[in-house]
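With the sequences and hints as input, model every part of the structure.
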Amino acid sequence: MDKPEEPQIEVEELGVDSAFTQQIQKLHQLTVYGRWLFAGCLWLIIAPVCLWDLRVEISLLQQYFTWVGLRYALIFHPLSALGLSFCISVTTSVLVWQSRNILWGLPLAEQEKLKKQVYRIRQQGYSHPLWKWVCQ
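Per the working numbering, residue 837 is the first one in the sequence shown, and the count goes up by one each step.
If you are wondering where the hints come from, they were derived from the structure by calculation, not from laboratory data.
Any given hint could be a false lead.
Calculated pairs, SDA-like style, for lysine to any residue (alpha carbon to alpha carbon, straight line, at most 25 Å) [what the hints assert, rightly or not]:
(1) 862 with 963
(2) 951 with 935
(3) 968 with 957
(4) 862 with 970
(5) 951 with 853
(6) 951 with 883
(7) 951 with 863
(8) 951 with 963
(9) 949 with 865
(10) 862 with 964
(11) 968 with 874
(12) 968 with 856
(13) 949 with 966
(14) 952 with 870
(15) 951 with 930
(16) 862 with 886
Here the structure is a predicted model, which means the values were calculated and not measured.
Right, here's the structure in full:
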């Protein structure tokens with residue numbers, strides 16, 4: 837299965853050399869990985885706790901599923917509903933963000949933000965936590 841192509845940043849628009857463009861793309865790729873890592877951690881930490889709290893209602897819904905039963909299960913367990921909603925919303929937002937970047941490319945404002953971040957990483961040098969992933 838082919839991996840979807842990452843959005844390319846135009847060198848002409850930013851007026852930078854190819855090494856700097858590669859560093860910007862590495863930083864963008866790290867941002868993508870970081871967002872998916874955050875979403876994955878939510879599903880590994882928050883979702884099991886929420887589902888454990890709903891275990892009795894889930895077993896009832898497996899036997900007699902109704903939308904009203906699901907609604908009342910979530911109403912009477914508001915923290916679990918909030919936790920699951922947060923997991924779903926973060927995952928959806930990362931998916932929409934990455935899909936937009938793949939389909940239409942990075943917006944200019946985001947390109948400029950990445951460019952400034954790479955400048956800051958280069959200025960700080962080896963002491964920056966992202967130096968070895970972006971600049972080496």
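Practice problem: Could you tell me which of the hints above the structure violates, numbers in ascending order? | Solution: Numbers 6 and 16 - these are the hints that the structure violates, sorted from lowest upward.
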